[in-house]
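Trainee: Chains as they are written, first to last, in the working numbering: chain H, 1 to 316; chain D, 1 to 232; chain R, 1 to 271.
Hints are supplied without guarantee of correctness; some may be wrong.
Here are a few chain R residues that sit away from chain D, every Cβ distance over 10 Å (derived from the structure) [unchecked claim]:
(1) ASP99
(2) TYR168
(3) ARG181
(4) LEU263
Under the rule of at most 25 Å between Cα atoms (straight-line distance), these lysine to any residue pairs were calculated in the SDA-like manner [as the list claims (entries may be wrong)]:
(5) LYS218(H) x GLY237(R)
(6) LYS9(D) x ALA128(D)
(7) LYS158(R) x ASN84(D)
(8) LYS131(D) x GLU109(D)
(9) LYS131(D) x PRO189(R)
(10) LYS269(R) x SER169(D)
(11) LYS145(H) x GLY237(R)
(12) LYS174(D) x ASN87(R)
(13) LYS265(R) x LYS182(D)
(14) LYS91(R) x GLU109(D)
(15) LYS269(R) x LEU135(D)
(16) LYS265(R) x HIS90(D)
(17) LYS131(D) x GLY237(R)
(18) LYS156(H) x GLY98(H)
(19) LYS179(D) x SER169(D)
(20) LYS269(R) x ALA128(D)
(21) LYS102(D) x ALA23(R)
(22) LYS131(D) x ASN87(R)
(23) LYS9(D) x GLU25(D)
(24) LYS182(D) x THR167(D)
(25) LYS156(H) x SER177(H)
(26) LYS102(D) x LYS158(R)
(27) LYS131(D) x MET201(R)
(28) LYS131(D) x SER193(R)
(29) LYS102(D) x GLY237(R)
(30) LYS52(D) x ASN87(R)
(31) LYS102(D) x MET180(R)
(32) LYS174(D) x SER167(R)
(33) LYS174(D) x GLN170(R)
(34) LYS269(R) x SER136(D)
Partner residues are not named here, just some residues of chain D that face chain R (Cβ under 7 Å, in silico) [claimed, not checked]:
(35) VAL73
(36) LEU82
(37) ASN84
(38) GLN92
(39) GLU95
(40) PHE99
What the hints contain is simulated information worked out from the structure, not anything from laboratory work.
The beta-carbon is built from N, C-alpha and C at its ideal position, and this holds for glycine as well.
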Amino acid sequence: MKETLKPYRIVLISIVCGLLLASALFAGCTQSTTSTPATPVATTAPVTTQAATPVATATAVPTTVVTTATPAPTYTASSGNLVAFTAASLTGASGTLGTSFTNAYPGHKVVFNLDGTQALKTQVENGAYADVFISASNSYTNTLKSEGYFVNSSVKTLCTNYVIVILPASNPGNIQSLSDLSKPGVKIAMAASTVPVGTASLAAISNLANSTYGQEWKNSTISNVVTYETSEPAVATKVSLGEVDAGFVYQSTATAAATGTYQTLTISKKDNYLQTYSIGILQESTNKAVAAEFEQFMLSSAGQDILQEYGFTPVI
Amino acid sequence: MLEAVVEKKLRDYQLDITLTVKAGEVMVLMGTNGSGKSTTLNIISGLLAPDKGSIILNGECICRTETGIDIPVEERRIGYVLQNSAVFPHMQVRENVAFGLKARHISREIISDRVNFWMEHMHIADLADVKAGNLSGGQKQRVALARALAIEPSLLMLDEPFTALDTESTQTVKELTRKFIKKLNIPCIVVTHRIADSTEIGDRACVLCHGKKEWEGLPGKMPEYCTVCHCA
Amino acid sequence: MSFFNLRPKRQTLTYIAAGILIAAVTLYLALPILALFFRITPEMFFATLADPDVISALWLSMFTTFVTLAIVIIVGTPFAYYHCRYNYPGKIVVDTLIDLPLVLPPAVAGVGLLVLYGRVGLLGRYFNMFGIQFAFTTLAVIMAQIFVASPFYLRQAKSLFEQLDPSYEQTARTLGSSSMRTLALVTLPMTASGLISGAVMTFGRALGEFGATIMFAGNLPGVTQTMPLAVYVGMQGNVNVGLTISILLVIISFAIMITVRILQKREEKRA
Numbered sequence: 001m002k003e004t005l006k007p008y009r010i011v012l013i014s015i016v017c018g019l020l021l022a023s024a025l026f027a028g029c030t031q032s033t034t035s036t037p038a039t040p041v042a043t044t045a046p047v048t049t050q051a052a053t054p055v056a057t058a059t060a061v062p063t064t065v066v067t068t069a070t071p072a073p074t075y076t077a078s079s080g081n082l083v084a085f086t087a088a089s090l091t092g093a094s095g096t097l098g099t100s101f102t103n104a105y106p107g108h109k110v111v112f113n114l115d116g117t118q119a120l121k122t123q124v125e126n127g128a129y130a131d132v133f134i135s136a137s138n139s140y141t142n143t144l145k146s147e148g149y150f151v152n153s154s155v156k157t158l159c160t161n162y163v164i165v166i167l168p169a170s171n172p173g174n175i176q177s178l179s180d181l182s183k184p185g186v187k188i189a190m191a192a193s194t195v196p197v198g199t200a201s202l203a204a205i206s207n208l209a210n211s212t213y214g215q216e217w218k219n220s221t222i223s224n225v226v227t228y229e230t231s232e233p234a235v236a237t238k239v240s241l242g243e244v245d246a247g248f249v250y251q252s253t254a255t256a257a258a259t260g261t262y263q264t265l266t267i268s269k270k271d272n273y274l275q276t277y278s279i280g281i282l283q284e285s286t287n288k289a290v291a292a293e294f295e296q297f298m299l300s301s302a303g304q305d306i307l308q309e310y311g312f313t314p315v316i
Numbered sequence: 001m002l003e004a005v006v007e008k009k010l011r012d013y014q015l016d017i018t019l020t021v022k023a024g025e026v027m028v029l030m031g032t033n034g035s036g037k038s039t040t041l042n043i044i045s046g047l048l049a050p051d052k053g054s055i056i057l058n059g060e061c062i063c064r065t066e067t068g069i070d071i072p073v074e075e076r077r078i079g080y081v082l083q084n085s086a087v088f089p090h091m092q093v094r095e096n097v098a099f100g101l102k103a104r105h106i107s108r109e110i111i112s113d114r115v116n117f118w119m120e121h122m123h124i125a126d127l128a129d130v131k132a133g134n135l136s137g138g139q140k141q142r143v144a145l146a147r148a149l150a151i152e153p154s155l156l157m158l159d160e161p162f163t164a165l166d167t168e169s170t171q172t173v174k175e176l177t178r179k180f181i182k183k184l185n186i187p188c189i190v191v192t193h194r195i196a197d198s199t200e201i202g203d204r205a206c207v208l209c210h211g212k213k214e215w216e217g218l219p220g221k222m223p224e225y226c227t228v229c230h231c232a
Numbered sequence: 001m002s003f004f005n006l007r008p009k010r011q012t013l014t015y016i017a018a019g020i021l022i023a024a025v026t027l028y029l030a031l032p033i034l035a036l037f038f039r040i041t042p043e044m045f046f047a048t049l050a051d052p053d054v055i056s057a058l059w060l061s062m063f064t065t066f067v068t069l070a071i072v073i074i075v076g077t078p079f080a081y082y083h084c085r086y087n088y089p090g091k092i093v094v095d096t097l098i099d100l101p102l103v104l105p106p107a108v109a110g111v112g113l114l115v116l117y118g119r120v121g122l123l124g125r126y127f128n129m130f131g132i133q134f135a136f137t138t139l140a141v142i143m144a145q146i147f148v149a150s151p152f153y154l155r156q157a158k159s160l161f162e163q164l165d166p167s168y169e170q171t172a173r174t175l176g177s178s179s180m181r182t183l184a185l186v187t188l189p190m191t192a193s194g195l196i197s198g199a200v201m202t203f204g205r206a207l208g209e210f211g212a213t214i215m216f217a218g219n220l221p222g223v224t225q226t227m228p229l230a231v232y233v234g235m236q237g238n239v240n241v242g243l244t245i246s247i248l249l250v251i252i253s254f255a256i257m258i259t260v261r262i263l264q265k266r267e268e269k270r271a
């Protein structure tokens with residue numbers, strides 16, 4: 001007796017096929033990532049892509065021709081959208097920067113992927129696609145340069161930032177000065193040492209210990225750290241929730257926050273760690289002309305003013 | 001002696017039963033499926049509460065709705081063997097039979113004596129260390145019977161004990177039941193839907209129909225049809 | 001073996017299609033796990049095992065997960081039992097709540113725990129007055145794990161107790177056994193293998209818990225940095241640590257699965 005296909009089975013099979021079809025279409029329409037080798041490629045010169053958009057201002061487009069051993073990226077950004085992997089500390093500024101860029105270069109839009117620099121670096125090293133990379137740490141910038149991910153000539157200093165200590169508005173820990181940070185029972189939040197601001201915070205603490213407060217203060221302060229967050233905004237969140245007594249973040253976070261969100265304790269410039277942000281175009285970008293325009297924008301007074309507004313120290 | 005007068009509103013009908021069973025007497029409860037036989041047993045055992053009524057066992061009142069007396073199931077000393085025998089499959093036969101005794105914190109020697117006694121008389125002594133889940137239907141029923149009698153109950157109730165058994169096992173269980181009911185001189189209720197069972201095991205019989213007792217009398221004298229629903 | 005009683009040509013096609021499906025599913029699940037082992041050399045793996053961060057994450061995960069499992073089983077079993085056997089007001093609400101953590105994103109659970117038990121939380125502020133704090137402690141890790149993992153055990157236990165033929169418990173009661181005694185000697189042994197599989201799922205979920213942990217307990221090596229957190233942080237800085245701990249997690253998961261299978265096979269043999 002032949003088995004007849006029951007109606008519900010037909011429906012089930014159609015649903016499965018439909019889902020497979022839909023996911024295939026979806027995958028085709030969105031970005032796919034290229035697989036870049038983990039080791040630097042033994043080559044050559046950067047690729048040139050056609051400067052598709054004639055722009056009023058003269059932009060410096062990288063013009064060297066290429067042959068590359070890596071397979072050309074199989075995807076291109078949807079027309080006009082630039083992908084910027086950006087250090088998380090620029091989260092607050094990113095909205096304004098994006099709008100301003102589109103106003104200055106109509107028809108272009110920038111999409112920010114905001115995360116700890118270390119996380120973004122890992123993503124790029126594992127094949128994630130981006131046009132522009134904004135790094136909060138010189139050492140990560142240099143690593144990416146030496147690994148061949150950057151168009152090295154395009155890497156420029158974007159702005160700088162200092163470390164600052166923020167306290168919840170109500171100051172539950174009654175911290176009046178930096179020396180209070182070592183008091184027993186104080187809860188401090190910091191970024192993990194792999195996050196740029198984490199290294200910067202530790203460096204600042206060491207400087208302060210050497211110059212003013214001593215090693216005992218440093219040890220007690222470090223043992224007061226209750227959590228090492230994986231990005232800078234996460235530290236700020238824990239402080240704003242009042243769950244910790246103090247947190248080490250960037251000055252930009254404190255400046256950009258609404259008045260009354262935090263109390264702050266500044267660290268003097270001589271003891272502080274100057275964090276240098278860099279911006280650069282990635283080798284894998286298929287949109288280098290627009291990427292260069294974005295970089296130009298960020299380094300122009302338009303971009304730098306916005307950064308300053310959000311508490312970063314501009315370079316111009 | 002058991003005197004039970006109970007009422008309970010059920011989904012399809014109103015259960016209204018008066019049952020009297022003398023010591024040493026086997027009362028067979030008959031009727032079609034859904035006539036209220038098992039429900040009656042559940043009420044007498046205490047697993048179900050009646051809406052109204054009283055149950056008196058050996059002169060002691062174990063349930064009276066007017067005065068709020070309701071002795072819990074665990075304390076009624078009623079042996080109840082369900083249709084599927086409900087032997088604990090993960091325990092050995094010996095542990096099954098001893099189960100009710102251990103719950104009462106009786107000394108180990110007494111437990112051991114009684115367990116051996118009942119296993120002997122139910123012809124399951126050679127299965128003492130077998131896991132009860134591995135037994136045949138007839139063996140399981142005998143274990144359930146031994147388990148129920150081991151606690152020295154004041155009343156024994158069997159719900160459709162022969163349905164899953166073959167002829168030989170049925171005979172054995174019937175003989176053992178009658179023998180020990182007489183010996184222990186306790187009342188016994190057996191629920192069955194087969195007329196042949198009633199004559200072989202029962203001293204008296206009654207027929208239930210839609211929750212009411214339609215007829216009561218000697219097993220051999222059961223009328224062919226009951227008046228309301230032709231269920232005999 | 002004739003499958004579906006189809007004609008030979010159809011049969012071959014069916015076998016091929018079935019084969020492709022099975023291969024696709026198996027490979028999709030197995031390959032990522034295998035890839036972990038190929039990305040790191042054995043020497044590097046064993047060398048990284050000695051890394052203090054790896055060791056502390058391992059101990060912390062094992063400790064917290066076992067405590068979580070113990071609490072879920074000890075509290076959850078009687079709870080599931082009474083929940084099934086009795087009708088109490090609000091039973092439907094409780095039923096739904098048990099399922100909630102299954103669909104709730106773990107990060108949301110973490111936020112919820114933080115705003116409730118945090119130092120300035122709705123309840124936490126009162127505990128704080130007595131000097132009791134939950135956030136950023138190992139206890140917070142356990143609390144987060146219990147929240148997300150307990151439904152696996154509770155639902156399983158509920159289902160088992162509901163499906164157990166009531167005649168066993170009823171008979172036990174007529175024989176004079178109290179509720180607790182019946183639960184321990186009759187109900188639990190008869191539902192044991194199902195409960196164990198529920199416990200295994202709970203263990204796995206608790207071991208892998210990340211979102212709620214990092215939100216509520218934070219990330220401090222030796223105190224709250226469980227293995228999943230260590231993997232995440234590791235993959236952003238010290239990739240070898242990330243890979244090593246990932247492999248450890250795979251090994252532990254497999255070990256648990258195999259142990260449970262062996263136990264179940266032995267129980268089946270004994271029966």
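Trainee: With reference to the structure, classify each hint as holding or not holding.
Mentor: Structure-based check of each hint:
1. The non-interface label for ASP99(R) is consistent with chain D: the shortest C-beta to C-beta separation is roughly 30 Å, beyond 10 Å.
2. Its beta-carbon lying about 5 Å from the closest one in chain D, TYR168(R) breaks the requirement of being farther than 10 Å from that chain.
3. Under the 10 Å C-beta cut-off, the non-interface status given to ARG181(R) relative to chain D is violated; the minimum distance is some 6 Å.
4. A cut-off of 10 Å between C-beta atoms confirms that LEU263(R) is not in contact with chain D; the least separation is 15 Å.
5. With a CA separation close to 24 Å, the supplied pair LYS218(H) and GLY237(R) stays within the 25 Å bound.
6. Proposed proximity of LYS9(D) and ALA128(D) is contradicted: the alpha carbons are some 43 Å apart, above 25 Å.
7. This hinted pair checks out: LYS158(R) and ASN84(D) have alpha carbons roughly 24 Å apart, not beyond 25 Å.
8. Taken as a hint, the LYS131(D) and GLU109(D) pair is honoured in the structure, with Cα atoms around 22 Å apart against an allowance of 25 Å.
9. As the CA atoms of LYS131(D) and PRO189(R) are separated by approximately 13 Å, the hinted pair is consistent with the 25 Å bound.
10. In summary, the hint linking LYS269(R) to SER169(D) is not supported, as the alpha carbons are separated by about 28 Å, beyond the 25 Å threshold.
11. Of the pairs offered as hints, the one joining LYS145(H) and GLY237(R) holds, with about 17 Å between alpha carbons and a cut-off of 25 Å not exceeded.
12. Distance check on the hinted pair: LYS174(D) and ASN87(R) sit about 39 Å apart at the alpha-carbon level, beyond 25 Å; violated.
13. Taken as a hint, the LYS265(R) and LYS182(D) pair is broken in the structure, with Cα atoms around 47 Å apart against an allowance of 25 Å.
14. A threshold of 25 Å between alpha carbons decides the hint, and for LYS91(R) with GLU109(D) the separation of about 45 Å lies outside it, so the pair is violated.
15. Of the pairs offered as hints, the one joining LYS269(R) and LEU135(D) holds, with about 16 Å between alpha carbons and a cut-off of 25 Å not exceeded.
16. Taking the CA atoms of LYS265(R) and HIS90(D), the gap is about 15 Å. The hint holds against a cut of 25 Å.
17. Taken as a hint, the LYS131(D) and GLY237(R) pair is broken in the structure, with Cα atoms around 58 Å apart against an allowance of 25 Å.
18. Proximity of LYS156(H) to GLY98(H) is assessed by CA-CA distance (about 19 Å); at most 25 Å being required, the pair is judged to hold.
19. Between LYS179(D) and SER169(D), the direct Cα distance comes to roughly 15 Å. Compliance with the 25 Å bound is thereby established for this hinted pair.
20. Restraint check for LYS269(R) and ALA128(D): the C-alpha separation of about 20 Å stays at or below 25 Å, so the hint holds.
21. A distance of roughly 55 Å separates the Cα atoms of LYS102(D) and ALA23(R); the hinted pair therefore is violated under the 25 Å criterion.
22. The hinted pair formed by LYS131(D) and ASN87(R) fails the criterion: a straight-line CA distance of about 34 Å is larger than 25 Å.
23. About 29 Å separates the Cα atoms of LYS9(D) and GLU25(D), which puts this hinted pair outside 25 Å; it is violated.
24. Distance hint between LYS182(D) and THR167(D) is fulfilled; the C-alpha atoms sit about 23 Å from each other, no more than 25 Å.
25. Under the criterion of a C-alpha separation no larger than 25 Å, the hint pairing LYS156(H) with SER177(H) is inconsistent with the structure, at around 36 Å.
26. Restraint check for LYS102(D) and LYS158(R): not satisfied, since their Cα atoms lie roughly 28 Å apart, outside the 25 Å limit.
27. A threshold of 25 Å between alpha carbons decides the hint, and for LYS131(D) with MET201(R) the separation of about 30 Å lies outside it, so the pair is violated.
28. Straight-line distance between C-alpha atoms of LYS131(D) and SER193(R) comes to about 17 Å, which keeps the hinted pair within the 25 Å bound.
29. Taken as a hint, the LYS102(D) and GLY237(R) pair is broken in the structure, with Cα atoms around 63 Å apart against an allowance of 25 Å.
30. Annotation: proposed proximity of LYS52(D) to ASN87(R) holds, straight-line Cα distance about 22 Å (limit 25 Å).
31. Restraint check for LYS102(D) and MET180(R): the C-alpha separation of about 14 Å stays at or below 25 Å, so the hint holds.
32. Restraint check for LYS174(D) and SER167(R): satisfied, since their Cα atoms lie roughly 22 Å apart, inside the 25 Å limit.
33. Using a Cα cut-off of 25 Å, the hinted pair LYS174(D) and GLN170(R) holds, with the two alpha carbons roughly 24 Å apart.
34. Restraint check: the Cα-Cα separation between LYS269(R) and SER136(D) comes to about 18 Å, which is no more than 25 Å; the hinted pair holds.
35. Look at VAL73(D): its Cβ gets to within about 5 Å of chain R, closer than 7 Å, so that hint holds up.
36. At a threshold of 7 Å, the smallest CB-CB gap from LEU82(D) to chain R is about 5 Å, leaving the interface hint in force.
37. For ASN84(D), the interface hint holds, since its Cβ comes within 7 Å of a Cβ in chain R; the closest pair sits about 6 Å apart.
38. The beta carbon of GLN92(D) comes no nearer than 12 Å to any beta carbon in chain R, farther than 7 Å, and the hint placing it at the interface is violated.
39. Annotation: interface hint on GLU95(D) violated; nearest CB of chain R at approximately 9 Å, more than 7 Å.
40. The beta carbon of PHE99(D) comes within 6 Å of a beta carbon in chain R, closer than 7 Å, and the hint placing it at the interface holds.
The earlier numbered hints that this structure contradicts are 2, 3, 6, 10, 12, 13, 14, 17, 21, 22, 23, 25, 26, 27, 29, 38, 39.
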